[in-house]
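Participant: As they're listed, the protein sequences go chains A and B. Okay, so the first sequence: first residue is 34 according to our numbering, each after it adds one. Okay, so the second sequence: first residue is 341 according to our numbering, each after it adds one.
None of these hints come from the bench; they were simulated from the model. Treat the hints with care, as some may be off.
Incomplete in silico selection of chain A near chain B, CB under 8 Å [what the hints assert, rightly or not]:
1) HIS194
2) ASP339
3) THR342
4) MET345
5) LEU373
6) GLU376
7) MET377
8) TYR380
9) LEU382
10) ASP385
11) ARG388
12) ALA389
13) ARG391
14) GLY392
15) VAL395
From the three backbone atoms N, C-alpha and C, an ideal C-beta is built for every residue, glycine too.
So you can see what is in the structure, the chains are spelled out below.
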Amino acid sequence: MFAEPAGGLGAPKSRSEEGGTLAELSRALHARSLSSEAVTERCLARIAEQDRSINAFITVLDNEARSQARAADHEIAAGRYRGPLHGVPISLKDLIDLRGTPTSAASRVRRGHVAARDAVVSARLRAAGAVFIGKTNLHEFALGTTNEDSAYGPVHHPLDHSRSPGGSSGGSAAAILAEMCYASIGSDTGGSIRIPSAACGLVGLKPAFGEIPIDGVVPLSSTLDHIGPLCRSVEDAAILHQMLAGNSNPAPITARELRGLRLGIPRRYFLALLDPEIAARFDEACTRLTTAGVMLDDVTIPHAADAPTIYMHVALPEAAAFHAHTLDTRPEEYTPNVRLRLEMARYILGEDYVRAMRGRDVLIREVSAALHGRDGLLLPTLPVPAVKIGAATVSVGASEEPVRAITLRQTQTFNITGHPAITMPCGRTPDGLPAGAQLVGMHTLDLLAVASAIEQVLDAS
Amino acid sequence: MTIDEWLENALRDADRRELPSLRPLLEGLAKSTAALRAADWNLDLSGELPDTPPEHVR
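Please build the complete structure, drawing on both the sequences and the hints.
Facilitator: Right, here's the structure in full:
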């Protein structure tokens, strides 16, 4: 069922492997050709073997997971099948409440916390019969894109332990790639689902703003926070999205016909600063899409270059508001970099927050205008392959760019605008590191239908 | 408050709070805020108010 341990730069995992995706596992569990207990034991064994070096998990729920898996097997055997998540081992980013377990947000500030109740999304997954295998590591309070600043230490990329898996949901992505679980639920405020998914060769969905309840999730920025899945396929993302949105009986997504799809390429800005290998994988994917009958044309989002400053002036003051009390009373309990960013945020003036919110309205209109008459926008998700742990800057062609800015560059715009966006694998660099392509749409289910159509074409290299 | 005035006050306050590591972050933030204030979507009251906002603001 499982591929060999992912300790080196191996070939991409085949998604047709039995049990490789959540959907494939789900069908096997329903048919009782696999048991949840056996699958859960394999995941726990992978964690025991691998996680000392990867550090994907903050809390492993061994006993609870075994108990949930046994219960799932009994219910399925008794004809009480709950649906496609029944008996499937998944993880939660450790800023999502799960009753009776700590929610650390990867911070000493949260030490001693135990969730009294489930977050809304946890309750929905529990009702669907999911097996909670553990809580995953993250960049402290989700305020970063590398996972280096965590009270529990950095997460290491399963394909190259000297590199970051991206963040802030880096533990979630690493856990899936290392086959410690079949999917994970993360949060995305500037790209925190899509960045690690791209860096790890996974599918990651940021749904439209407000679709998935954030109750019971430690906030970063209340007008930018999104909850969504990291997983191995668009089909998995569709199942998880519908479950998270409260649809306990999700309908299969019908892929759109490839021929005749019309996708816009926002070339200016979004294709202007890319690692040459990432650019090459994206160009190759575009050629394959065109050959398959997809119509690609260039579109412009005139104020895209203003996204970083808009993002900074919205996200940081909102984060500072949540953290003001603990910054004043227990500042030493933050990791130094996260504390400094939050302290910087406290100097942003209200009038500049308002200017940024006005700029946000401009960007919303421009992205919607770019989507008008098209089935989506397509762009590289992450301009660079997974970055080295400890690097402050990264080479992008001839220039040296700050890691934080370059990793947020392609994703934060769509947190500002709230449009749904999904990243899918888009080949690998000669070093074996994954590249990702991001599809942006108007409505999440329509986006998933288009993503389902182009998924295999994108990753054919 | 101009950006220069804001930055001067912020740096002084960071020094008072014994957070010298904030200095480069605040200097970077000042550049970002200057770009934000220079953006073409900002309206101000120093001249005639437009009858309608620019196309991209509507």
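Participant: A separate judgement is required for each hint: does it hold in the structure or not?
Facilitator: The hints, checked one at a time:
Against a cut-off of 8 Å between C-beta atoms, the interface hint on HIS194(A) is violated, since the closest Cβ of chain B lies about 29 Å away. Evaluation of the ASP339(A) hint against chain B yields a held restraint, the C-beta minimum of about 6 Å falling below 8 Å. For THR342(A), the suggested interface contact is upheld, since its CB lies about 5 Å from the closest CB of chain B, less than 8 Å. The interface hint given for MET345(A) holds, since its Cβ lies 5 Å from the closest Cβ of chain B, which is under the 8 Å cut-off.
Because the smallest distance between the Cβ of LEU373(A) and any Cβ of chain B comes to about 6 Å, under 8 Å, the interface hint for this residue holds. Given hint, GLU376(A) at the interface with chain B, holds; its Cβ is 6 Å from that chain's nearest Cβ, closer than 8 Å. A hinted interface residue such as MET377(A) counts as satisfied when its beta carbon comes closer than 8 Å to some beta carbon of chain B; here the least separation is about 4 Å, so the hint holds. At about 5 Å, the closest approach between the beta carbon of TYR380(A) and any beta carbon in chain B falls short of 8 Å, and the interface hint on this residue holds.
Contact between LEU382(A) and chain B, as hinted, is supported at the beta carbon level, the nearest pair being about 7 Å apart and thus within 8 Å. Satisfaction of the interface hint for ASP385(A) is found here, the shortest Cβ-Cβ separation to chain B being roughly 5 Å, below the 8 Å cut-off. A least Cβ separation of about 5 Å between ARG388(A) and chain B falls short of the 8 Å threshold, and the interface hint therefore holds. The beta carbon of ALA389(A) is positioned within 8 Å of a beta carbon in chain B (closest approach about 6 Å), and the interface hint is therefore held.
A distance limit of 8 Å between C-beta atoms decides the matter here; for ARG391(A) the minimum to chain B is near 5 Å, and the interface restraint holds. At a threshold of 8 Å, the smallest CB-CB gap from GLY392(A) to chain B is about 6 Å, leaving the interface hint in force. At its closest, the beta carbon of VAL395(A) sits 5 Å from a beta carbon of chain B; the interface hint therefore holds under the 8 Å criterion.
Checked against the numbered hints above, the structure violates only hint 1.
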